[in-house]
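So the protein sequences, as listed, match chains A and B. Under the numbering used here, the first residue of the first sequence is numbered 35, with each subsequent residue one higher. Under the numbering used here, the first residue of the second sequence is numbered 35, with each subsequent residue one higher.
Don't read these hints as lab results, they were simulated from the structure. Since the model is a prediction, treat every value here as computed from it, not as a measurement. Each hint should be verified, as a subset may be incorrect.
For identical chains, the list gives no copy identity; a pair is met inside one copy or between any two copies.
Claimed, not checked - Taking lysine to aspartate or glutamate pairs in the DMTMM-like style, the calculated list, with each CA pair at most 25 Å apart, reads:
1. K52 x D63
2. K200 x E186
3. K313 x E186
4. K109 x D346
5. K331 x E152
6. K331 x E141
7. K221 x D192
8. K58 x E86
9. K331 x D150
10. K375 x E159
11. K129 x E306
12. K129 x E186
13. K375 x E178
14. K360 x D321
15. K383 x E178
For reference, the chains in residue letters:
Number of protein chains: 2
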Amino acid sequence: MSKLKGLGGERKKKVLAKLGEFGKAIVQDFERGIPPRLKIPSRGTSNIVYDERHRYYVLGPAYGIRSAASMTQVKKLAQTLCVADFCRQLVNSGKFATLREMYYTAEGWETGPFYDQEESNILVEDLEAIFGLKREDLGLMPEEDGAAVFGEIVLKEDNSVIDATKAGRGGYTIPPTIDEVEFVKCKAKRVIAIETMGMYHRFVQERAWKRFNALIVGLKGQAARATRRFIKRVNEELGLPVYLFTDGDPFGFHIAMVIISGSAKLAYINHELAVPDAKYIGVTASDITNYKLPTDKLRELDVARLKQLQKDPRYNTEFWQREIKKMIELGKKAEQQAFAKYGLEYVVKEYLPAKLREVEGEKFINP
Amino acid sequence: MSKLKGLGGERKKKVLAKLGEFGKAIVQDFERGIPPRLKIPSRGTSNIVYDERHRYYVLGPAYGIRSAASMTQVKKLAQTLCVADFCRQLVNSGKFATLREMYYTAEGWETGPFYDQEESNILVEDLEAIFGLKREDLGLMPEEDGAAVFGEIVLKEDNSVIDATKAGRGGYTIPPTIDEVEFVKCKAKRVIAIETMGMYHRFVQERAWKRFNALIVGLKGQAARATRRFIKRVNEELGLPVYLFTDGDPFGFHIAMVIISGSAKLAYINHELAVPDAKYIGVTASDITNYKLPTDKLRELDVARLKQLQKDPRYNTEFWQREIKKMIELGKKAEQQAFAKYGLEYVVKEYLPAKLREVEGEKFINP
Chain A
35 MSKLKGLGGE
45 RKKKVLAKLG
55 EFGKAIVQDF
65 ERGIPPRLKI
75 PSRGTSNIVY
85 DERHRYYVLG
95 PAYGIRSAAS
105 MTQVKKLAQT
115 LCVADFCRQL
125 VNSGKFATLR
135 EMYYTAEGWE
145 TGPFYDQEES
155 NILVEDLEAI
165 FGLKREDLGL
175 MPEEDGAAVF
185 GEIVLKEDNS
195 VIDATKAGRG
205 GYTIPPTIDE
215 VEFVKCKAKR
225 VIAIETMGMY
235 HRFVQERAWK
245 RFNALIVGLK
255 GQAARATRRF
265 IKRVNEELGL
275 PVYLFTDGDP
285 FGFHIAMVII
295 SGSAKLAYIN
305 HELAVPDAKY
315 IGVTASDITN
325 YKLPTDKLRE
335 LDVARLKQLQ
345 KDPRYNTEFW
355 QREIKKMIEL
365 GKKAEQQAFA
375 KYGLEYVVKE
385 YLPAKLREVE
395 GEKFINP
Chain B
35 MSKLKGLGGE
45 RKKKVLAKLG
55 EFGKAIVQDF
65 ERGIPPRLKI
75 PSRGTSNIVY
85 DERHRYYVLG
95 PAYGIRSAAS
105 MTQVKKLAQT
115 LCVADFCRQL
125 VNSGKFATLR
135 EMYYTAEGWE
145 TGPFYDQEES
155 NILVEDLEAI
165 FGLKREDLGL
175 MPEEDGAAVF
185 GEIVLKEDNS
195 VIDATKAGRG
205 GYTIPPTIDE
215 VEFVKCKAKR
225 VIAIETMGMY
235 HRFVQERAWK
245 RFNALIVGLK
255 GQAARATRRF
265 IKRVNEELGL
275 PVYLFTDGDP
285 FGFHIAMVII
295 SGSAKLAYIN
305 HELAVPDAKY
315 IGVTASDITN
325 YKLPTDKLRE
335 LDVARLKQLQ
345 KDPRYNTEFW
355 QREIKKMIEL
365 GKKAEQQAFA
375 KYGLEYVVKE
385 YLPAKLREVE
395 GEKFINP
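Only chain A is shown next, with the shape it has when bound in the complex (with noise of 0.2 Å):
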């Protein structure tokens, strides 16, 4: 145990435990020659629920069953031990690998090889979903890695300490496995998650970060797991509030609110990611009259897609309806670069103080 220290090793002690007394209750079973049974919680559609109080999709109550007695299941519960003595085993060295690689790597279990991915993945999700973990904790890593980061946080990995402001213009890169990352020093007072890595640069360039007192996250698209995970440390155990600014898009507004709400396909793990408090900061209708923006039509896919973002749980405010009806009357969208209209600084200098004077009232000063 003497590779475990600081975040890390705390959540590995519990990821070993968990494992641990999944084991232990299956050889109890076993010993007391019971066919063990594993309860799995349901992912399907009619169990995923939005959380009033929490703000984000949970898992509602419903489980099904994977039993040793069921001759259809039988194999399926042999993988699926299988699935969580690699994990254990992953842990245990303080090894990562991706989905992909267990996949392969099950070619030499007694249980065969699988027929394909997705029928290991699934596998992957149970677990997950019996433990409340997110597969990054059992020694699983997804393929990318997650945001650019620049701006004063000083983070340590292994036996390195980080300076994002000294980690080359590209900023630092979020890890896969950013839950055994340390935060050591952070001088900045809040998060500014952008989409475009365009916008990001401009950000970079423009030393938003400075004048600001941001960390500069630069999402590329729809924001990662590990993303989504760095954004919610930082805002829970740093305390910093979370700004999120992209394209004035049905697309653009959601990728907003996966961070902020999560995801109902990740349900069962959206404890572990949602920014409930993150604020969206990004290019809504108002902003494309009040500026002048450059615009695009809307497509009809767009218009579709917003007319589903009425109805959904998550913009049940009155901010979001408002600014949905109005992009939809308006039938035009814009992009977060379509402030170069008025010089690539304005953004930073005209644009994002306003945003933040919204969304902090007096606590902003204007640098």
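Add chain B to chain A, keeping to what the hints say.
For chain B alone, coordinates are given in the frame of chain A:
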């Protein structure tokens, strides 16, 4: 000019000189009472030639004329000059803008807005072809960052010195402005570029960078322009041999080949991007048989693509012809993560040394 320094400085001087001459020639034409005209190298298919000597695609001698004397061309000529002027301002101020930002900025130009971004992008390509310079040299940056790099190289960006073993597990991110980066120190002896981030993280975890004295580059699929430029620079300036490790399928082959011999589409700038001496160490049809790898069936699309590659001049070597033919006969493809069948470390402990011995021969000492 006090801001100019290092490699970036030399480049800037060259770019400003070219832009200056370009503008002067236009002014002189006006002074002599001649309508100015631009010679623009043609980028049509018939003018793209595979250069056997350089081993990459180049433009042929054909060009088009854009003249102020033509009613249909004069607006485009004026727009070209506006783009050149915008670039001059960027280079002078040391700033960068995205193509998207330039498109929106044009709303304020005397020539009026562009119809769509395709229109302004083409003018940038015109200037690149006229000057033989990349858009990045003209202050225009791609939206996306380049690859991740892990290994013993120290770089300098602005006033930050970055050690690529200490930038975090995610590694050093190649910025869009890679030509402004200085190589301070490099202990690595070779470059291993990897298609997927899953395998990149495997290499970092297994300390392959240390074991093989290598810079590990995580390509994230088809390599970005900045990534290709980085690889070319470490190859030429530091003399490091380059090895490319991709999936064993037509898309993997082509990810490698675009790094080696450039793309036809970017023929006008391949002299800045192509790395003709880079070697393929990715999964081959022979590997599929020799290592008994888990495979997927070739889809119709894969077979069609392989047949295209057979006729492509870049694949006109004994090695590629043999391996492509063999893959079509096998009817199978395999991913780089398929080696996980033999355990997570196998790819680094067994496959890689075998491949490096193949390409480096006697020089390679197995660590």
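Results for each hint:
{"no.": "1", "hint": "K52 x D63", "in the structure": "within (17 Å within a copy, 79 Å between copies)"}
{"no.": "2", "hint": "K200 x E186", "in the structure": "both (9 Å within a copy, 17 Å between copies)"}
{"no.": "3", "hint": "K313 x E186", "in the structure": "within (21 Å within a copy, 41 Å between copies)"}
{"no.": "4", "hint": "K109 x D346", "in the structure": "neither (39 Å within a copy, 48 Å between copies)"}
{"no.": "5", "hint": "K331 x E152", "in the structure": "between (38 Å within a copy, 17 Å between copies)"}
{"no.": "6", "hint": "K331 x E141", "in the structure": "between (51 Å within a copy, 17 Å between copies)"}
{"no.": "7", "hint": "K221 x D192", "in the structure": "both (22 Å within a copy, 22 Å between copies)"}
{"no.": "8", "hint": "K58 x E86", "in the structure": "neither (36 Å within a copy, 66 Å between copies)"}
{"no.": "9", "hint": "K331 x D150", "in the structure": "between (41 Å within a copy, 13 Å between copies)"}
{"no.": "10", "hint": "K375 x E159", "in the structure": "between (46 Å within a copy, 22 Å between copies)"}
{"no.": "11", "hint": "K129 x E306", "in the structure": "within (21 Å within a copy, 39 Å between copies)"}
{"no.": "12", "hint": "K129 x E186", "in the structure": "between (29 Å within a copy, 22 Å between copies)"}
{"no.": "13", "hint": "K375 x E178", "in the structure": "between (34 Å within a copy, 21 Å between copies)"}
{"no.": "14", "hint": "K360 x D321", "in the structure": "within (11 Å within a copy, 58 Å between copies)"}
{"no.": "15", "hint": "K383 x E178", "in the structure": "between (33 Å within a copy, 24 Å between copies)"}
Of the numbered hints stated above, those contradicted by the structure are hints 4 and 8, listed in ascending order.
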